[in-house]
Amino acid sequence: MELRHLQHFVAVAEDQHFTRAAERLMVSQSGLSASIRALERELRAPLFVRTTRRVTLTEAGRALLVEAERILAQVRSAHEAVAAVQGVLRGTLALGTEQCIAGVHVARLLAGFRRRHPDVEIRLRQAGSGALAEEVAAGRLDLAFAYRTQADSDQLRSVALTSEPMTVLCHPGHRLASSGAALIPEDLAGEVFVDFHPDWGPRRTTDAAFTAAGIRRTVALEVNDVHSLLDLVDENLGIAVVPRHFRHKRPALTALPLKGTEEAEYETVALLPPDRATSPAARALVTLLETEGLAPLREGTEAS
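For the sequence shown, counting from 1, position 183 maps to 183 in UniProt numbering; every step adds exactly one.
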C-alpha cells in the first residue's frame, strides 16, 4: 500500500467527486481512478459507491478513512519532526476550539505563535467539544481547546486549562433577579431555557448538573453562538446557565451563582493525540501557552 494511494483515497472521500479531487491533487482523473482501483484490489473490497453525480463511501471505505487519516497525520508529523530537529518549524498547525473558551485567549496565543514560527501555516476550526475530540483522535486536528468530554485513551489525552462554576443569567426584570441569591437546580424547574447545541461544553455541563439533581429541563431556544444566546436572554425570552466568565460579556444581565451539585463545574482542557503522535507545531503551541502564563497546564486523566 502506497501513501499516495491513501492520499488519493482521502481526497476523493472529502470531495465526494473524482473530478474535483483530481483537480485539487493536480493529477489526471484517469490516474486518480487507477490509484483507487489499485487500493480496492489490494484490500479486496469496494471503497466507493459511484454514481454520475458523486461518490459515497462504502462500509469498508468508512473504516479505511479513519485509519488513512491517522496514518497521513503521522507521516506529516514525522516530516515536521525532522524539520524541527534541523532547527526549523514548518508545516501546518490545525487547531480546534469552542467559542469563548475559558483559560486561554486563542487569538492572542495564535498571534504570538505566528510571530515565533512564521513558516507554520495556521488553520483554525470552531466546533463543539464532542466533534473536536473526534477530530483530534482521528488526526484531522493537531490539538483543540474544549470542554473535558471523556477519559484519556490511546488516541486522545487531555491537559487541564482551568475550571470555573456555572452561573445563571437572566433579565433584570425576571423573577429570579430580585432574589440576588445563589440558586440550586430545583429553583429553576419550569423555566424556559436558552442553551447551546448538545455538543457544546457548557450545554454538556448544564445537562449533567440537572441530571445529577434529578431535575428535568427543556431547552426551548437552542443556538450555536454566544451572542445569540445573550441576545435572547437580554430580551427576557429565557434564562441561561453558562460558565461564569460569560457574565462579563453582557453586564446588564443579572448573574446568579448555581449551587447544589458537584456537576456544575465547567472544566476546559487542551485535547491532544498521544505524546508520540503530537506534532512539533502542537508542542510549540503548548510550550508557548505555558511560558506566556496564559493558563496553568497539568495532565488530566479523569473523565468528566
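Keep in mind the hints are simulated off the structure, nothing from the lab.
Among these hints, one or two may not hold up.
SDA-like cross-link-like pairs, simulated, lysine to any residue; straight-line CA separation at most 25 Å [what the hints assert, rightly or not]:
(1) K259 / L237
(2) K259 / L288
(3) K259 / D199
Computed Cβ-Cβ distance ranges for the label pairs, DEER-style [claimed, not checked]:
(4) P274 / R116: 41 to 51 Å
(5) E23 / L3: 15 to 25 Å
(6) R108 / E42: 43 to 53 Å
(7) A45 / P118: 21 to 31 Å
(8) D234 / R24: 55 to 65 Å
From a predicted model like this one, the values you see are computed outputs, not experimental measurements.
Beta carbons: idealized from backbone N, C-alpha and C, even for Gly.
Hints, one by one, checked against the model:
no.: 1; hint: K259 / L237; in the structure: 23 Å, holds
no.: 2; hint: K259 / L288; in the structure: 35 Å, violated
no.: 3; hint: K259 / D199; in the structure: 23 Å, holds
no.: 4; hint: P274 / R116: 41 to 51 Å; in the structure: 25 Å, violated
no.: 5; hint: E23 / L3: 15 to 25 Å; in the structure: 20 Å, holds
no.: 6; hint: R108 / E42: 43 to 53 Å; in the structure: 48 Å, holds
no.: 7; hint: A45 / P118: 21 to 31 Å; in the structure: 44 Å, violated
no.: 8; hint: D234 / R24: 55 to 65 Å; in the structure: 44 Å, violated
In this structure, the earlier hints numbered 2, 4, 7, 8 are contradicted, and the remaining ones agree with it.
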